[in-house]
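Peer 1: Listed here are the chains, written in short residue letters.
There are 6 protein chains.
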Amino acid sequence: MRFDGRNIEELRPVHIETNYIKHPEGSVLISVGDTKVICTASVDDRVPPFMRGEGKGWITAEYSMLPRATEQRTMRESTKGKVTGRTMEIQRLIGRALRAVVDLEALGEKTIWIDCDVIQADGGTRTASITGAFVAMALALHKLQEAGKITSFPVKSYLAATSVGIIEEFGAVLDLNYHEDSRALVDMNVIMTGAEEFVELQGTGEEATFTRAQLNELLDLAAAGINQLFESQKEALGPIAEKIK
Amino acid sequence: MRFDGRNIEELRPVHIETNYIKHPEGSVLISVGDTKVICTASVDDRVPPFMRGEGKGWITAEYSMLPRATEQRTMRESTKGKVTGRTMEIQRLIGRALRAVVDLEALGEKTIWIDCDVIQADGGTRTASITGAFVAMALALHKLQEAGKITSFPVKSYLAATSVGIIEEFGAVLDLNYHEDSRALVDMNVIMTGAEEFVELQGTGEEATFTRAQLNELLDLAAAGINQLFESQKEALGPIAEKIK
Amino acid sequence: MRFDGRNIEELRPVHIETNYIKHPEGSVLISVGDTKVICTASVDDRVPPFMRGEGKGWITAEYSMLPRATEQRTMRESTKGKVTGRTMEIQRLIGRALRAVVDLEALGEKTIWIDCDVIQADGGTRTASITGAFVAMALALHKLQEAGKITSFPVKSYLAATSVGIIEEFGAVLDLNYHEDSRALVDMNVIMTGAEEFVELQGTGEEATFTRAQLNELLDLAAAGINQLFESQKEALGPIAEKIK
Amino acid sequence: MRFDGRNIEELRPVHIETNYIKHPEGSVLISVGDTKVICTASVDDRVPPFMRGEGKGWITAEYSMLPRATEQRTMRESTKGKVTGRTMEIQRLIGRALRAVVDLEALGEKTIWIDCDVIQADGGTRTASITGAFVAMALALHKLQEAGKITSFPVKSYLAATSVGIIEEFGAVLDLNYHEDSRALVDMNVIMTGAEEFVELQGTGEEATFTRAQLNELLDLAAAGINQLFESQKEALGPIAEKIK
Amino acid sequence: MRFDGRNIEELRPVHIETNYIKHPEGSVLISVGDTKVICTASVDDRVPPFMRGEGKGWITAEYSMLPRATEQRTMRESTKGKVTGRTMEIQRLIGRALRAVVDLEALGEKTIWIDCDVIQADGGTRTASITGAFVAMALALHKLQEAGKITSFPVKSYLAATSVGIIEEFGAVLDLNYHEDSRALVDMNVIMTGAEEFVELQGTGEEATFTRAQLNELLDLAAAGINQLFESQKEALGPIAEKIK
Amino acid sequence: MRFDGRNIEELRPVHIETNYIKHPEGSVLISVGDTKVICTASVDDRVPPFMRGEGKGWITAEYSMLPRATEQRTMRESTKGKVTGRTMEIQRLIGRALRAVVDLEALGEKTIWIDCDVIQADGGTRTASITGAFVAMALALHKLQEAGKITSFPVKSYLAATSVGIIEEFGAVLDLNYHEDSRALVDMNVIMTGAEEFVELQGTGEEATFTRAQLNELLDLAAAGINQLFESQKEALGPIAEKIK
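Respectively, the protein sequence lines represent chains A, B, C, D, E and F.
Sequential numbering from 1399 applies to the first sequence in the working numbering.
Sequential numbering from 1399 applies to the second sequence in the working numbering.
Sequential numbering from 1399 applies to the third sequence in the working numbering.
Sequential numbering from 1399 applies to the fourth sequence in the working numbering.
Sequential numbering from 1399 applies to the fifth sequence in the working numbering.
Sequential numbering from 1399 applies to the sixth sequence in the working numbering.
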């Protein structure tokens, strides 16, 4: 039994509210336990300069936290005048992951802007962002298809992410909250497709290391958790869910 | 009858949900029609360097919009690397207004950080921010008092804000939504106290002007609207409402 | 009698020296008491990207102070690497005010750049900037018309600005100098046209408030002061003065 | 046989020249094939503010490329005025990895600054940086110990890094050069200790995915390559090599 | 006879108006032909951190041009968000030159901030700035001595600067205006003391070169011109002039 | 005999290794004593916007130091977010000097980017950069000519640079190392062509001055030293050396 009463292989409660914001083509409010993220997907009819004329689309992401999403107030990056390394890492990760499951040729010369804004943080904000952004993106692409702007639905597979880690008292655990994350010896983010293949794997032992056996244990936990997240995504997407393998 | 069916002296529906975010000392989600703002109040036990040793507190505000709060996606200020002039004007305005109704000596050497993050915009984001921030601040100060960190409740009066303006088809109207705001000949933001005194008055005729008579008409509308906003604030504050004159 | 011997409804001495700098199309050195501002108007044959092809002109302003215009040396904004919120507010205000009295269609696709550089500050720098910039702009537009680049004179009305405020010892006073400004309970900037209509009204009670009756008293003072400023502008403009209503 | 004639499990030639620069406490020029990186370790007798008084040391890293380390000239980050997301990711990774094998308590309140400057790039610059930085750091810590500034040698284990990836024509391969890297379907960076444990694992399928079986194949290749890198490090360190397990 | 009717060894008319701005400890408006610079000297009772506790003073300078000091409007450096290389070169030059003629020990732990703001530019703005700044600094130091804050007058010698150059039609000429400067094959700035020694010499042949004989010719012209500038400085300083050798 | 055993008119050992980096069109590693600089020349088929359509080429330079090129670690300019004044001065100087000996019309609409990265610093980094950059540029232009992209070799003359200075113990000396430079009363950088003409002369007396006689002595030393540098350049260039006068 973990500090919050969960089993080691138990996800926190997941809820995905679709169309949370009225202007974007797709939007959700995802909560994973006390972590809450507004994810929006915006369609731009242009691609970045380096891609023009190639007939392919692009997906890019930005990530931010409200100053008081965290226990202590965090200074705004706009006030600092620059984006931190952590934010850059996360937004590059989100964009890369989503691109792995979208047929960019089928999208055509359009950019999907994903914005993940954490309004309340309790660990796992980047994995919740990816899981929520996938749904917001699917909603936006569905709207594009309804409007006749794309002919086929370009999402090749489901995509969700979770964290796993090693904690002194419990060993390998699934879906760390902030309290667990700050004590973890090893922290790993896993992003997988509906075909149970990896899109990204990032495991870090800050002032610690992990063996091949521990790695395998963590990957088993992650795969089971991600399969549950796919169920939440399907439920949120309703009839659109069937368009994706 | 205005485009959205309101009378000229009619506010949009106002809703204030308190304790919307778990970490801050005070927080609300305020909606005024389709404009939605998360307002949080954070307590810092220090004051800015220029005020140290004076025994007085300080209140400062930051304001931002999610990129897709607006109809077209707006570039993040953190990505631009700088805060726009519009944002600076608004955050200076919010801080100044709140300081006018708080006894900073009674607060003591503490800073209240107000964060207003617009998650959905439909006109009047700065006035909704002020109206909501007042409630978040009152909640935080109440918590400070409960914890024995301040002896008296330092809020001297209610404070709320609305916009009024002149539109070609309707003349003077109360509480402009985005569609009205973009067509307004004259746009005025009015901030008042519970004693029906002005804290701030900003009237602008972009490529237009207004007479003394029109000014008086606008001020009458604003005063009536603000009195209704006080009712929403009182309802949201519940028993705390009685601590304020 | 105020600290400097003026009556409450008395402006400081105003002097406007035209063609103070040789390169700009229009320039003045305006002094209002000890406040001295160099205002220049530069003509650019392009408009900002967002306005291209609309056949309309644009007027934009920048404002700055020499580091030692003030009693204590102020750090340069170029050294800080960013423009402060106060500066942004002022330059947006100057541009907006001038645009209200110019027929931008008659100007055609040109930008008038207004630069207001305060070389000595003693309160009221933003209102002196507006009053001086109006004259510099009129000189530049006259030169444009003489050169046959515009067919009609696009200035629709006179424009001038002053400050009024409430001081503990004297109540409502006109044209505050720095000493008065730093003690004022209420501070209001008023910008009016030659037709005695408002272009902009900004009243602020920092840690104070004001009633409707006080507002009216302040507006009466301001209107009288602005009428005197129009006389100084006409004198400075000489024969060009008659081109403006 | 790969494009450059190597077997799939073959590293490029590795050479580590110690004491390459005269001023730093430790320095090397590491070449891994045509990738060349100057790594220096500098000792600072202070720690960052957030760590003061804890009696622990800190290790931090910076990474950069000369503009013409690459086939096309890259703009300098100093000229751009900001560090890119890629650079930030890499420097955070290098620092985190080195901290995992150093006993920061034994180091005491000192900061080791690692600088990795790529003078010629041909793929694998981040892994070469880590492998070289480990040696530069060991040299600097040895010098610290010789000077009596630390009592025990604080390096707990060897540390080296390599990349592995999946290429259409060859499947899983070890130590990708730039040509291979730009064609790879999956790219993975692996950092391991002398005890054959993972410190960090980052696998990415850009527009591709990978199975659990492929992951295992990649990890086997990486472990074998890293064992060879440890030999190069030991040779470079000479007698100091024996101080590390 | 040059384009403006001067002989090759003739300075433009020089005028130095002292106490031009009321707040600074020392200020002048210097005009050299149509080049006009406001130079102020401000006294700060601290020195920069790297000099604290050494008992010596410091002199530092900043330089700027109003946007429309030039024929074409120049973008403000505050708007660009950074100071250009040209500005940095000039402000470093001004500070270095003034420090060469001041006894920094006699000044004690104080900083003299020199601000040179060009309000109208017609060539030679950096040399006019140095010549004017010397006078502003002397005025400020005199005021410091009068107030008993320094015991001896720390200025060791006069200091002035001029430009010389080589022009196709006229050969070597003294004190180039903008028109001459833009056509010059060689451009040299010379700063000398009252003892006719060099403080700084910067000669540049942009897309051209110069011989030792030409150098000597240029230096003769410069020395003669600078001697005349000393006369203008003495006249401006009045009785204070005699305190300097 | 100087501190390092040299005569006053003796250069430090100079070595120029060509083709040091594989990607650039031209590159060298130049060492002048313990000062080591990687100089590369990159060819870009465009010119800056302000030169387009004129049929002329451009040469521009960037300069940087590795953080630990110096005795104390220096913060990176990319981390600071801005380039220092010293760096800007040096890179402007390098570009200007090289342009003085290249026929830009013969080069055609191309830009030569010079990058000088100091990997180890011991005084004279800017003059070593110029001397090395000249060779890197000649190599790149030779390659351009071999490839038939330019018809004539556009280098008009040799170009090299050295420093001279006045030291209390020795008087005028040639080629100051860091220890000498930090004690020098006068410091002068001299850049000359193969025709023994000056391209740039920058002499500075920081808190000191120099006479005309001292200037002549310094220039004699510099000319002799630069003639020796031409020999090192010729040796490095091999057969290409004969293409330059």
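Calculated from the structure, these hints are not laboratory results.
Any given hint could turn out to be false.
Which copy is meant is left open, because identical chains are indistinguishable; a pair holds if it fits in one copy or across any two.
Straight-line Cα separation of at most 27 Å, BS3-like style, residue types lysine-lysine; simulated pairs [to be verified]:
no., residue 1, residue 2
1, 1641, 1541
2, 1478, 1632
3, 1554, 1478
4, 1641, 1478
5, 1454, 1508
6, 1480, 1547
7, 1643, 1541
Peer 1: Next, verify each hint and record whether it holds.
Peer 2: Hints, one by one, checked against the model:
Taking CA atoms no more than 27 Å apart as the test, residue 1641 paired with residue 1541 passes inside one copy only; the shortest distance there is 13 Å, against 50 Å between copies. Proximity of residue 1478 and residue 1632 under a CA criterion of 27 Å is satisfied in neither setting, with 39 Å inside one chain copy and 36 Å between copies. Taking the shortest alpha-carbon separations for residue 1554 and residue 1478, neither the intra-copy value of 39 Å nor the inter-copy value of 33 Å comes in at or below 27 Å. Neither within a single protomer nor between protomers do residue 1641 and residue 1478 lie at most 27 Å apart by alpha-carbon distance, with minima of 43 Å and 37 Å respectively.
Taking the shortest Cα distances, residue 1454 and residue 1508 sit within 27 Å of each other inside one copy (8 Å), while across copies they are farther apart (32 Å). Proximity of residue 1480 to residue 1547 under the C-alpha cut-off of 27 Å is found in neither arrangement, the shortest distances being 36 Å within a copy and 35 Å between copies. Proximity of residue 1643 and residue 1541 under a CA criterion of 27 Å is satisfied intra-copy only: 18 Å inside one chain copy versus 51 Å between copies.
Against the hints set out earlier in the document, violations occur for numbers 2, 3, 4 and 6.
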